[in-house]
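S.K.: Taking the hints into account, I'd like the entire structure generated from these sequences.
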Amino acid sequence: SPQHLGQPTTTKQYTELATTIAAKWNLTTPTAIDLLVQQFEKANDYDPEKDFFHFHHLYKSGGTSISNFMDKTVGLRKVGKYWEGILPGSYESGNFDHDEALADINKRLEEGTNREDLPYKASYAHTGLRPVYGPHRTKTAMFFQEQMPNKRLRAITMLREPTDFRASNHAMIMCGLNAEIKKFNQQRAKKGLNQVCSPKDGLNVSALVDVKTQTLINKCQSGAKANGQQKKQCQDHANGVDIFEHCRSPSHLLANHQYDKHYRSMFKGLMGRYHRGQEFGGTAYVGMSFGYERAEESKGYSVENVEEYTLQDLGGLDLTISGAGEGGPPEPDFIWFGITERMKESTILFYYYFKAKPLKKIPQHRIQDCHPTESVGWTAKHREIVKQKEPADYAVWRAANAILDVRMAKMKMEIQAQLDAGVSKEAMYYVDWDTLEAL
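Residue numbers (my numbering): 530 to 968.
It is worth saying that the hints were derived from the structure and are not from the lab. Some hints could be false.
Unchecked claim - Below, a list of computed lysine to aspartate or glutamate pairs in the EDC-like style, where the Cα atoms sit at most 16 Å apart:
1. 890 / 600
2. 761 / 771
3. 711 / 903
Said to hold, decoys possible - Derived Cβ-Cβ restraints for the label pairs, each shown as a range:
4. 951 / 542: 19 to 29 Å
5. 910 / 963: 33 to 43 Å
6. 719 / 829: 33 to 43 Å
All C-beta atoms, glycine included, are put in the ideal place defined by N, C-alpha and C.
M.R.: Shown next, in the form of structure tokens:
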């Protein structure tokens, strides 16, 4: 592996780089530099024969692109409707379908494939895998362990800047504003008018919320089939409640009980907990509504503890972490994660880690014509409010960025060491030279 070629980089050099990176991301845990040095020294031990990894896709984190990206890299070739390396039951925008997976496994076993020779390398879904052990063990964990007992389970994930993460969930899932804005702009286009994407261009989100409210009221009054939630909303509206008040603007959301109900500590689903004092759980079915307890109120919480835990767990450094408690069997470790705002670096690292040939074009999904942060009117002031409300999510986010910085620097050093040792660029087929040079 590349670590052993070329001149060994000294710990002193790593420490200097780690010190700069820790300062850049305002890491306050006293162990930050030491853990970033460990990240530099960590060997990439992914083994395609032995390992099976699951991508836990949090809603609105850029995961659809990564799912498609997995198809075309670790998915190997497409046979019929499935990519051979991807376990059927994987959905780019849905929960994992255990029955579909089982049907394919059984079909292969009946055709004479040995269980240890099943071709699957990975899976993806909104469904989480962790914890694999302990009282909150997930259904998916049990399924993978039963069906692929010879595989070492590992994990990958994506995260995005916490305010943008909320803005996107708010616009696209909680309020469906993106659909309303699209309809509005389609009507403008018919009149020969340009699309408008933000309040300063004259986009009135509140007026669109009025349209949305009226559409629902009409549905209830027409006798059309309405679900329980819709009926309650119509009842509340009749009693004078502004039912979509939280959709009118970021300020309305941040002051509304809906924020506390759905948007607190949204990164709980990422690792399954924020720090060692917290119990594992909350990843199995991260519904669109999230709805976690506040990390800041958990026993043993501090920003430093969250930073440290993220550097250890998301950074794949601590292989003793277990849902069964101290000394329990280790949870699947994170061998890769990406950051939505740093997609190019994230995908370069993906090719490099998984020794995958770079794609001509990275799949870009659901990139909205109007960016939700802009169209709904999120400002720097709103971002400051989220930072104050969500110190735990921002601690995870800062630590994750620091890890990504280390991984980029480490990869560049390793590649340079290979080149210095006379290895050709062609031999390093898994390096995305074009993107790397453009960065």
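S.K.: Hint check: residue 711 vs residue 903, CA-CA at most 16 Å. Holds or violated?
M.R.: 14 Å, holds
S.K.: Regarding residue 951 and residue 542, is the given constraint of 19 to 29 Å on their beta-carbon distance met?
M.R.: 23 Å, holds
S.K.: Assess, step by step, whether the Cα of residue 890 is no farther than 16 Å from the Cα of residue 600, and give holds or violated.
M.R.: 13 Å, holds
S.K.: Within 33 to 43 Å or not, the Cβ separation of residue 719 and residue 829?
M.R.: Taking Cβ atoms as reference, residue 719 and residue 829 lie about 58 Å apart, which means the hint is violated.
S.K.: Given the hint of 33 to 43 Å, is the C-beta distance from residue 910 to residue 963 inside that range or not?
M.R.: At 39 Å between Cβs, range holds.
S.K.: Against the 16 Å threshold, does the CA-CA distance of residue 761 and residue 771 hold or violate the hint?
M.R.: The given pair, whose Cα atoms are some 12 Å apart, holds under the 16 Å limit.
Of the numbered hints given earlier, the model fails hint 6 alone.
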